[in-house]
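Chemist: What follows is the residue order along each chain.
Number of protein chains: 2
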Amino acid sequence: MKLSDIGEAGWIKRVRARSPSIKEGVVLGIGDDTAWVKSAENILITCDLLIEQVHFLRQLIPPRLLGRKALSVNLSDISAMAGVPDYALVGVGFPRDIKLAYVEELLEGFLEVAVEHKVEIIGGDTTASPVLSIAVTLLGHPAGEKPVLRSTAQAGQELWVTGTVGDASLGFEILKKTESQELDISDLHHSSLILKHFDPMPRISVGVRLAGIAQAMIDVSDGILIDLQHILEESAQEKKLRAVLELEKIPLSEDFVNYFQGEPFKSDDALRLIFTGGEDYELLFTALPEKEEEILRLSQELELPISKIGRVEESETTEVVILDQKGNPLSLPLPWFEHFPQEDS
Amino acid sequence: MKLSDIGEAGWIKRVRARSPSIKEGVVLGIGDDTAWVKSAENILITCDLLIEQVHFLRQLIPPRLLGRKALSVNLSDISAMAGVPDYALVGVGFPRDIKLAYVEELLEGFLEVAVEHKVEIIGGDTTASPVLSIAVTLLGHPAGEKPVLRSTAQAGQELWVTGTVGDASLGFEILKKTESQELDISDLHHSSLILKHFDPMPRISVGVRLAGIAQAMIDVSDGILIDLQHILEESAQEKKLRAVLELEKIPLSEDFVNYFQGEPFKSDDALRLIFTGGEDYELLFTALPEKEEEILRLSQELELPISKIGRVEESETTEVVILDQKGNPLSLPLPWFEHFPQEDS
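Note that the protein sequences, when read in sequence, are chains Z and C. Numbering of the first sequence is given in numbering that gives the first Met the number 0, commencing with residue 0 and proceeding in unit increments. Numbering of the second sequence is given in numbering that gives the first Met the number 0, commencing with residue 0 and proceeding in unit increments.
Calculated from the structure, these hints are not laboratory results. Treat the numbers as computed from the prediction; the structure is a model and nothing was measured. Incorrect hints may have been included.
Where chains are identical, the list cannot tell them apart; a pair therefore holds if satisfied intra-copy or between any two copies.
[Stated by the list, open to error] Keeping only pairs whose Cα atoms sit at most 27 Å apart, straight-line, the calculated DSS-like set for lysine-lysine is:
hint, residue 1, residue 2
1, Lys-239, Lys-307
2, Lys-238, Lys-307
3, Lys-248, Lys-265
4, Lys-37, Lys-145
5, Lys-117, Lys-37
6, Lys-248, Lys-98
7, Lys-12, Lys-238
8, Lys-22, Lys-37
9, Lys-22, Lys-117
10, Lys-145, Lys-22
11, Lys-37, Lys-248
12, Lys-145, Lys-117
13, Lys-239, Lys-98
14, Lys-145, Lys-239
15, Lys-145, Lys-238
16, Lys-290, Lys-176
17, Lys-12, Lys-145
18, Lys-145, Lys-175
19, Lys-12, Lys-239
20, Lys-265, Lys-22
21, Lys-307, Lys-22
22, Lys-37, Lys-325
23, Lys-248, Lys-22
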């Protein structure tokens, strides 16, 4: 059975019927020209596009996980503001011959994450498209009095990151090497790494608790280097800022370390993934040194590693310096991620 | 010069620099993980996808007009709630080889409409895509105490529509027949009809004034028949509702009438365009009979036709009945618009 057998209107009816009412603030959800919600005084809003061939390959990612990921990457943006998610709008462009079962699985995955994080779907758009395209808009509100921005880092603050980094991009590289068409993730070697790529965990719980602790925050979507660069550039005042990272303190998963035979910091490939791999969706934040104990207690309580990886300093140039075990700066000829790479001319 | 020459970050900087600050409520616009706005108590939210090959052909629509249309169709949804638009988020997927000049024109058009309707761009997403894809999310608030829904029509109310219908879809049909690759709209015959397709005018000004007058309202995006059907279905209570339209009262433009040699109601093609053409983006609403004078005064003041085209009645079945000049019901074998048409099997 194809999506075309029930049509656009039939599909919207199904989405409407299966989306639970979660939020008191929703006066009017799916089904009118716009949604209507009673709003908190401060609202946070973000939107992200996920496009086939660019962000995912339909033959590789199972539809349920794609549905989960479509919401998770947006949740990650809200978490990076120390925000609480509230409402989602979902615009989807489906290829005309797509199977209904595929679309149902996609919705299932999306709803799983929505219910887990108490997000209500209040609207969207369904249309045909040459490639599967998903545009999610997410509204939320700050957990504290105001959100944590990326532009409020200052010299003297320390740098922290949640979880581990590099796993998702390593998982993606492993995946690209597999040839299986009918993918059964549980059968795969390195399945935990691949799952980090397919099914990132948005750090909502810890993000909310970092209100009042984090001074500046961002989620690691493009890799530590670029995302740190964003913090430094946006936070620069009269003086520029640099970040000094201690290589050995960068948190890595056991699977990641094992993949590189226990010596990830000696592999150029590993370093590239760690610093520019992206899609970790961990939280990278600065905090005053006196907050260290509080952060470590939070880490214990939430059973989530939160690692101090460096500090912010005044500088003549905006840069990220990585120090090796001996305290010497590492020089990495790292390609930055770019959606529109310049062609070789 | 291509978009890839300035890259994603360069492009976002340009958008940020060129988007004027319009709204007091914006605490944090483009540039962080999410936007942050001080909100009205009631917010209206809508999102729409515009996808190349489905909603537009890149070789036909000039980029400035595509930029205008991307915002206008969302504004139309806000107008259909008797709402005031406030903030926009713009997700764009660009083909990797797209020219910078094209993208600049697109932004220019979008900003023209944004400034005209006092909408501030507060965020978005820019990515690569196999086909040009535009996802706009628009936030606004009701002009009155609450918005006008599509689910509040009742028997005894009269049916009204702003402007004229059928022009945009006739314009699109004419356009498809032209063979010119380098399109100069001003040179074309029927340019007003084609412009109605390329550059619909969202009915924000009249929508706002219809708060307190209109009982139920929708914008005509899929054609009068389907959009009326939405009102009737959503408004049905114990009893179902039907709409009875008087064919001769349907407002048509001079250009439309002339195209059909002065006798549009005798042409099956014309009837198909009028009733199922879509993309008119006019407002279709119900009102109590005693509001007639007020509506006609508003029409005069805004110099915009607002035409009474029929009435809502109780009925055994949800249906739209169209009466010809003699009061006889017209039988139209009309195909309904469907994004996912069922294939002939």
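Chemist: So which of those numbered hints doesn't the model satisfy?
Modeler: 6, 11, 13, 16, 18, 20, 21, 22 and 23
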